[in-house]
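Mind the numbering: the sequence shown is residues 1 to 199 in the UniProt record's numbering, read in order.
Treat the hints as calculated values from the structure; they're not laboratory data.
Errors might be hidden in some of the hints.
Unchecked claim - Straight-line distance between alpha carbons at most 30 Å, and here's what the computed DSS-like set of lysine-lysine pairs gives:
| # | residue 1 | residue 2 |
| --- | --- | --- |
| 1 | K41 | K53 |
| 2 | K100 | K38 |
| 3 | K42 | K28 |
Said to hold, decoys possible - For each label pair, taking beta carbons as the anchor points, the in silico distance ranges come out as:
| # | residue 1 | residue 2 | range |
| --- | --- | --- | --- |
| 4 | D127 | K68 | 20 to 26 Å |
| 5 | R146 | I82 | 48 to 54 Å |
| 6 | K185 | E141 | 30 to 36 Å |
From the three backbone atoms N, C-alpha and C, an ideal C-beta is built for every residue, glycine too.
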Amino acid sequence: MPKIIGLTGGIATGKSTVSELLTAYGFKVVDADVASRKAVKKGSKGLDQIREKFGQEAIDDNGEMNRKYVGELVFNNPEQRIELNKIVHPIVREIMEEEKNHYLNEGYNVIMDIPLLFENDLQDTVDEVWVVYTSESIQIERLMERNDLSQEDAKARVYSQISIDKKSRMADHVIDNLGDKLELKQNLQQLLEEEGYID
């Protein structure tokens, strides 16, 4: 019986790297970020609803969502963010559900890659939860480097999510990413062997 595994972590803990590695082991990954982009792509019903709700400024010259404009709009305004989520979330769920069922029917184990799994209370939609763990100080360091942020901005993003320590306590399995990529790969391999996913 194929399994549905929720993969999560914190910002800059290395979740995308783990997703890539799991693909190499034959898992199928359904990615919430990819589904979010599909939900508002050019010509989609999601984008039409965004235009209706937030006006023509929400669409850029190429007929795509003006991410900067919409981002600024919802970042400082919780009510607007709720409105945006009301449009996007149901479509994202629909896309992910469809992909998941397609892979399950083909007999694959499915990874649901959901950054805000605990924040959105989705742990009951999966068989088990795996958390990619690193320390807060490494998260902040990686974010500053990756997104060219000040320490203040990086901290604000890290602290806007449930802490990685708390997520680790809520998880079924924790994948340690305190070291380099090779160590991460070894830690993941060990988990897959222990759980009987690979020989």
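Which numbered hints turn out to be false for this structure?
Numbers 4, 5 and 6, in rising order.
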